[in-house]
Amino acid sequence: EAQVTQNPRYLITVTGKKLTVTCSQNMNHEYMSWYRQDPGLGLRQIYYSMNVEVTDKGDVPEGYKVSRKEKRNFPLILESPSPNQTSLYFCASSRKRAGTEAFFGQGTRLTVV
Amino acid sequence: AQSVTQPDIHITVSEGASLELRCNYSYGATPYLFWYVQSPGQGLQLLLKYFSGDTLVQGIKGFEAEFKRSQSSFNLRKPSVHWSDAAEYFCAVGDYNNNDMRFGAGTRLTVKP
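Going down the list, the protein sequences come from chains A and B.
Every letter in the first sequence is one number past the one before it in the numbering used here, and letter 51, counting from 1, is 51.
Every letter in the second sequence is one number past the one before it in the numbering used here, and letter 35, counting from 1, is 35.
Worth flagging that the hints you see were computed from the coordinates, not collected in a lab.
Treat the hints with care, as some may be off.
Said to hold, decoys possible - Using 27 angstroms as the maximum straight-line C-alpha spacing, the simulated DSSO-like pairs for lysine-lysine come out as follows:
#1 A/18 to A/96
#2 A/65 to A/17
#3 B/61 to A/96
#4 B/68 to A/96
#5 A/71 to B/49
Unchecked claim - FRET-style restraints, in silico, Cβ to Cβ:
#6 B/14 to A/11: 36 to 42 angstroms
#7 A/82 to B/9: 36 to 42 angstroms
#8 B/112 to A/40: 19 to 25 angstroms
#9 A/2 to B/22: 29 to 35 angstroms
#10 A/39 to B/113: 22 to 28 angstroms
#11 B/29 to A/22: 33 to 39 angstroms
#12 A/41 to B/55: 28 to 34 angstroms
#13 A/2 to B/71: 33 to 39 angstroms
#14 A/58 to B/66: 37 to 43 angstroms
#15 A/16 to B/77: 44 to 50 angstroms
#16 B/26 to A/58: 15 to 21 angstroms
#17 A/14 to B/100: 34 to 40 angstroms
#18 B/64 to A/40: 25 to 31 angstroms
What the hints assert, rightly or not - Stretches of chain A that chain B covers, calculated by requiring three or more beta carbons in the stretch to come under 8 angstroms of a beta carbon on chain B:
#19 32 to 44
#20 84 to 98
#21 101 to 109
Cβ coordinates follow ideal geometry from the N, Cα and C atoms, glycine included.
Please model the entire structure based on the sequences and the hints provided.
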């Protein structure tokens, strides 16, 4: 079954404690991205990756890091989380950035206290 | 830069009533257009897409959307809403030439019994 898997689904952490949210896809997609969803703001792109070892900033990259060492995995790293990073995060993959269907993970609800 | 506007943050309809969710975009050429649905606690799922051809497109779950170039709109419709349609709906626009993808802020649909 084609899917994008994110872990964990829920996470509560404290300010400054490094964390990683994993994302894996089984569709051999070249393009992967991370979004955050906040009420009234819709989906805002954090980072994206066009292919292995190729990553670029989206609209709201501050405070986040990513890596793309393998085609299937695209982890999101928060080196020093802050309360304003409390949000719902989605990983997505697609064959290309534009013009093709994006497949989304189920989301990670992050709370930073 | 392209943009996507969903004018209605929240819409409430009665079960069995018709539904229309609005989406307007700003883009010079013909964009790739998508509607996604996000059920509670889930990721986004593609409802339908428009790339070219017939401007009325059919999607899953009985939804359809019509591309109107003159109005820069891609409104989503359903003739008779079911309680299970309660969800958040996102319009998205893909710019193939600039390899960009933008999501609207979303419209939350509540269905009254």
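For each hint, the structure was consulted:
1. A/18 to A/96: violated (31 angstroms)
2. A/65 to A/17: With a Cα-Cα distance of about 14 angstroms, the restraint between residue 65 of chain A and residue 17 of chain A holds, given a limit of 27 angstroms.
3. B/61 to A/96: Roughly 26 angstroms separates the two Cα atoms, so the pair holds.
4. B/68 to A/96: Cα-Cα ~25 angstroms, so holds.
5. A/71 to B/49: holds (26 angstroms)
6. B/14 to A/11: 36 to 42 angstroms: holds (38 angstroms)
7. A/82 to B/9: 36 to 42 angstroms: Given about 27 angstroms between the Cβ atoms, the range is violated.
8. B/112 to A/40: 19 to 25 angstroms: holds (23 angstroms)
9. A/2 to B/22: 29 to 35 angstroms: Holds, since residue 2 of chain A and residue 22 of chain B (Cβ atoms, about 30 angstroms apart) stay within the stated range.
10. A/39 to B/113: 22 to 28 angstroms: holds (25 angstroms)
11. B/29 to A/22: 33 to 39 angstroms: Given a distance of about 37 angstroms, which is inside 33 to 39 angstroms, the answer is holds.
12. A/41 to B/55: 28 to 34 angstroms: The hint (28 to 34 angstroms, Cβ to Cβ) holds, given that residue 41 of chain A and residue 55 of chain B are roughly 30 angstroms apart.
13. A/2 to B/71: 33 to 39 angstroms: holds (35 angstroms)
14. A/58 to B/66: 37 to 43 angstroms: violated (30 angstroms)
15. A/16 to B/77: 44 to 50 angstroms: Roughly 48 angstroms apart at Cβ, these two residues keep to the hinted range, so it holds.
16. B/26 to A/58: 15 to 21 angstroms: With a Cβ separation near 19 angstroms, residue 26 of chain B and residue 58 of chain A satisfy 15 to 21 angstroms, so the hint holds.
17. A/14 to B/100: 34 to 40 angstroms: holds (36 angstroms)
18. B/64 to A/40: 25 to 31 angstroms: Once the Cβ atoms are compared, 27 angstroms apart, the range 25 to 31 angstroms for residue 40 of chain A and residue 64 of chain B holds.
19. 32 to 44: Holds, because 5 residues of the region 32 to 44 of chain A bring their Cβ atoms closer than 8 angstroms to Cβ atoms of chain B.
20. 84 to 98: Check passed, 5 qualifying residues.
21. 101 to 109: n = 6 at 8 angstroms, threshold three: holds.
When the structure is compared with the earlier hints, violations turn up for hints 1, 7 and 14 and for no others.
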